[in-house]
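Got chain A; can you put chain B on it based on the hints?
There are 2 protein chains.
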Amino acid sequence: MGVGLLLSNTYHLYLRPGHELIAQMGGLHRFMSWPGAILTDSGGFQIFSLADLRKVTDEGVRFRSHIDGSEHMLTPEKAVEVQRALGSDIAMVLDECIEYPASRERALGAAERTVNWARRCREAIDAGAPSASTPSQVFFAIVQGGGYADLRRENAARLVELDFPGYAVGGLAVGEPHEITCEMADAAASCLPAEKPRYMMGVGKPSQIADYVRCGIDMMDCVLPTRNARNGCLYTRHGELHIKNAPYMNDPRPIDESCGCMVCRRYSRAYLCHLFRSHEILASILNTHHNLFFFLDLMRAIREAIAFGNLSRFSSEFQARLEAGPS
Amino acid sequence: MGVGLLLSNTYHLYLRPGHELIAQMGGLHRFMSWPGAILTDSGGFQIFSLADLRKVTDEGVRFRSHIDGSEHMLTPEKAVEVQRALGSDIAMVLDECIEYPASRERALGAAERTVNWARRCREAIDAGAPSASTPSQVFFAIVQGGGYADLRRENAARLVELDFPGYAVGGLAVGEPHEITCEMADAAASCLPAEKPRYMMGVGKPSQIADYVRCGIDMMDCVLPTRNARNGCLYTRHGELHIKNAPYMNDPRPIDESCGCMVCRRYSRAYLCHLFRSHEILASILNTHHNLFFFLDLMRAIREAIAFGNLSRFSSEFQARLEAGPS
Numbered sequence: 001m002g003v004g005l006l007l008s009n010t011y012h013l014y015l016r017p018g019h020e021l022i023a024q025m026g027g028l029h030r031f032m033s034w035p036g037a038i039l040t041d042s043g044g045f046q047i048f049s050l051a052d053l054r055k056v057t058d059e060g061v062r063f064r065s066h067i068d069g070s071e072h073m074l075t076p077e078k079a080v081e082v083q084r085a086l087g088s089d090i091a092m093v094l095d096e097c098i099e100y101p102a103s104r105e106r107a108l109g110a111a112e113r114t115v116n117w118a119r120r121c122r123e124a125i126d127a128g129a130p131s132a133s134t135p136s137q138v139f140f141a142i143v144q145g146g147g148y149a150d151l152r153r154e155n156a157a158r159l160v161e162l163d164f165p166g167y168a169v170g171g172l173a174v175g176e177p178h179e180i181t182c183e184m185a186d187a188a189a190s191c192l193p194a195e196k197p198r199y200m201m202g203v204g205k206p207s208q209i210a211d212y213v214r215c216g217i218d219m220m221d222c223v224l225p226t227r228n229a230r231n232g233c234l235y236t237r238h239g240e241l242h243i244k245n246a247p248y249m250n251d252p253r254p255i256d257e258s259c260g261c262m263v264c265r266r267y268s269r270a271y272l273c274h275l276f277r278s279h280e281i282l283a284s285i286l287n288t289h290h291n292l293f294f295f296l297d298l299m300r301a302i303r304e305a306i307a308f309g310n311l312s313r314f315s316s317e318f319q320a321r322l323e324a325g326p327s
Numbered sequence: 001m002g003v004g005l006l007l008s009n010t011y012h013l014y015l016r017p018g019h020e021l022i023a024q025m026g027g028l029h030r031f032m033s034w035p036g037a038i039l040t041d042s043g044g045f046q047i048f049s050l051a052d053l054r055k056v057t058d059e060g061v062r063f064r065s066h067i068d069g070s071e072h073m074l075t076p077e078k079a080v081e082v083q084r085a086l087g088s089d090i091a092m093v094l095d096e097c098i099e100y101p102a103s104r105e106r107a108l109g110a111a112e113r114t115v116n117w118a119r120r121c122r123e124a125i126d127a128g129a130p131s132a133s134t135p136s137q138v139f140f141a142i143v144q145g146g147g148y149a150d151l152r153r154e155n156a157a158r159l160v161e162l163d164f165p166g167y168a169v170g171g172l173a174v175g176e177p178h179e180i181t182c183e184m185a186d187a188a189a190s191c192l193p194a195e196k197p198r199y200m201m202g203v204g205k206p207s208q209i210a211d212y213v214r215c216g217i218d219m220m221d222c223v224l225p226t227r228n229a230r231n232g233c234l235y236t237r238h239g240e241l242h243i244k245n246a247p248y249m250n251d252p253r254p255i256d257e258s259c260g261c262m263v264c265r266r267y268s269r270a271y272l273c274h275l276f277r278s279h280e281i282l283a284s285i286l287n288t289h290h291n292l293f294f295f296l297d298l299m300r301a302i303r304e305a306i307a308f309g310n311l312s313r314f315s316s317e318f319q320a321r322l323e324a325g326p327s
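In order, the protein sequences belong to chains A and B.
Every letter in the first sequence is one number past the one before it in my numbering, and letter 3, counting from 1, is 3.
Every letter in the second sequence is one number past the one before it in my numbering, and letter 105, counting from 1, is 105.
Isolated chain A, as found in the complex (with noise of 0.2 angstroms):
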């Protein structure tokens, strides 16, 4: 399908089958056999959202795992161990994520932490020794400040002072308009180095991506195409459709009739509308790879529209098709 980069989560895979496992088999890439690029997350991410009685102090965040209840404390020099032992290819600083909204001296405190926990990875980064699987792994720096231009900016430059190989910018897309999304990702990456990637977290929605492109950013990642699959939300250059829908029973077109994926090109909406209700494990598996498809597919035209200079165009066009809604 052309995946060059896929995201494993640090949080998950410390917890099971733990970080010392997949060192011991080899690093993450040989353990799931993937050929390509892996990113890792730091785990903070998941801990905010997942995990118990978490406890965030100036020395790491204290936790207790989802799973088994048993009580961990990630640090920023525990983020770098854990990422060196599974070996990712990009790996990522320990950064504190808030909720929106969120005061102005929340913001300001969790930024100081994060530039902080920051440099103390730099330092673990530098005083050990690079990761057995994949030494040429690189860590990026996470941009914070919530929902505060003038925080974001500052927070960025300072990370810029610590020169990390890439940045992202983390904590957005928590239930804030989408015009402050903008905001906020355009505040931080016209303070980041343009020839390094500029990667925003946890993002998005079809109808944002461009969006966050026009504003400078690289590289996303995002739970939406294979989640919604698996919920029966398919993506199509139409809008959004749910394949568990009645009339969807006996249509026999594919999802999405200019789509070029093999699912489009072989299976009707009345069967994948079949298998969806029935439970088969089939309906995640096609269903996963048509909304993975469209979004990669997503991508590259945007990368061709920046070749040919007509984002802008493109962008209009392609949310104006959207918002026709399916056909």
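To be clear, the hints were calculated from the coordinates, so they are not data collected in a lab.
From a predicted model like this one, the values you see are computed outputs, not experimental measurements.
Check the hints yourself; a few may be wrong.
[Said to hold, decoys possible] Once the Cα atoms are required to be at most 30 angstroms apart in a straight line, the calculated DSBU-like pairs of lysine-lysine come out as:
(1) A/LYS78 - A/LYS55
(2) A/LYS196 - A/LYS78
(3) B/LYS244 - A/LYS78
(4) B/LYS55 - B/LYS78
(5) B/LYS196 - B/LYS78
(6) A/LYS244 - B/LYS196
Just chain B now, kept in the frame of chain A:
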């Protein structure tokens, strides 16, 4: 993987999405985009094992759907109609499958009814139009007779008089000892024409398959490779392996070192153990791939042993390895 023929369950497809819908979509091959051949059962066996409030009369079987409780009637004529709509390549007549043990009187009654139903199916086949999507569809009759060899022989002889293009042996592996299964398979198969396919329904374990072949059985179907795969039970030349077990958590070896399947060439027991314990969909996918390959490979080895005239030696060597247990 070299699968030439797969089985689809008429009972399930009749209830959901319905045979008329599948006919409307161009038949089962087109509906699920399967280029190989398809065998459908009559629906009878699933009614006996899954449906509620089933009542067998000479007319047919009345039952309630296990999905929504709706009431249905499956007659020999209806079984023909439904399977013609599905458009399978090989379809089965309706038979009456009984439990084990059963009295001679009950076994005789079910065997009599099975012949009468086969005759009614024959008449419905000859009277009606062939399947629109698969005009070459053929129907097989099914030998019943419980655990009584003489009833099996008589039942087979009477069905042969009706001249079907193939014959199945049903109502076996329902709880009786393996020796009885073989005795019944042998009794039935010995009265069926050797130049026509002889199909034993719902078997079998790897350790038993060669025994059935030596009784003259050419075809079998079984849920074991796929259902067990989803439950983490993997087949190897050295017996079954339960991938969830703790010793596999850090085992770098493949499921079966002598297996040439894609899963054994790429993945460790440790990875498969992790996927299973994490309830990943990929666990079911990879386990199913391996188990299907194992069964297909066993059948290839049996065909080769027959061609070389050493099925008996192959069978005892294969059996000895299975009993020696996992490495």
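Pairwise hint evaluation, B/LYS78 against B/LYS196, where the allowed Cα distance is 30 angstroms at most = 25 angstroms, holds
Between A/LYS244 and B/LYS196, does the CA-CA distance stay at or below 30 angstroms?
-> Distance ~43 angstroms between A/LYS244 and B/LYS196 Cα, so the pair is violated.
Take the C-alpha atoms of A/LYS196 and A/LYS78, compute the straight-line distance between them, and say whether it is at most 30 angstroms.
-> 25 angstroms, holds
For the pair supplied as a hint, B/LYS244 and A/LYS78, is the alpha-carbon distance within the 30 angstroms limit?
-> 29 angstroms, holds
Pair hint A/LYS78 and A/LYS55, alpha-carbon separation not exceeding 30 angstroms = Judged against 30 angstroms, a Cα distance of about 16 angstroms means the pair holds.
Hey, B/LYS55 versus B/LYS78, does the alpha-carbon distance stay inside 30 angstroms?
-> 16 angstroms, holds
Checked against the numbered hints above, the structure breaks only hint 6 and satisfies the rest.
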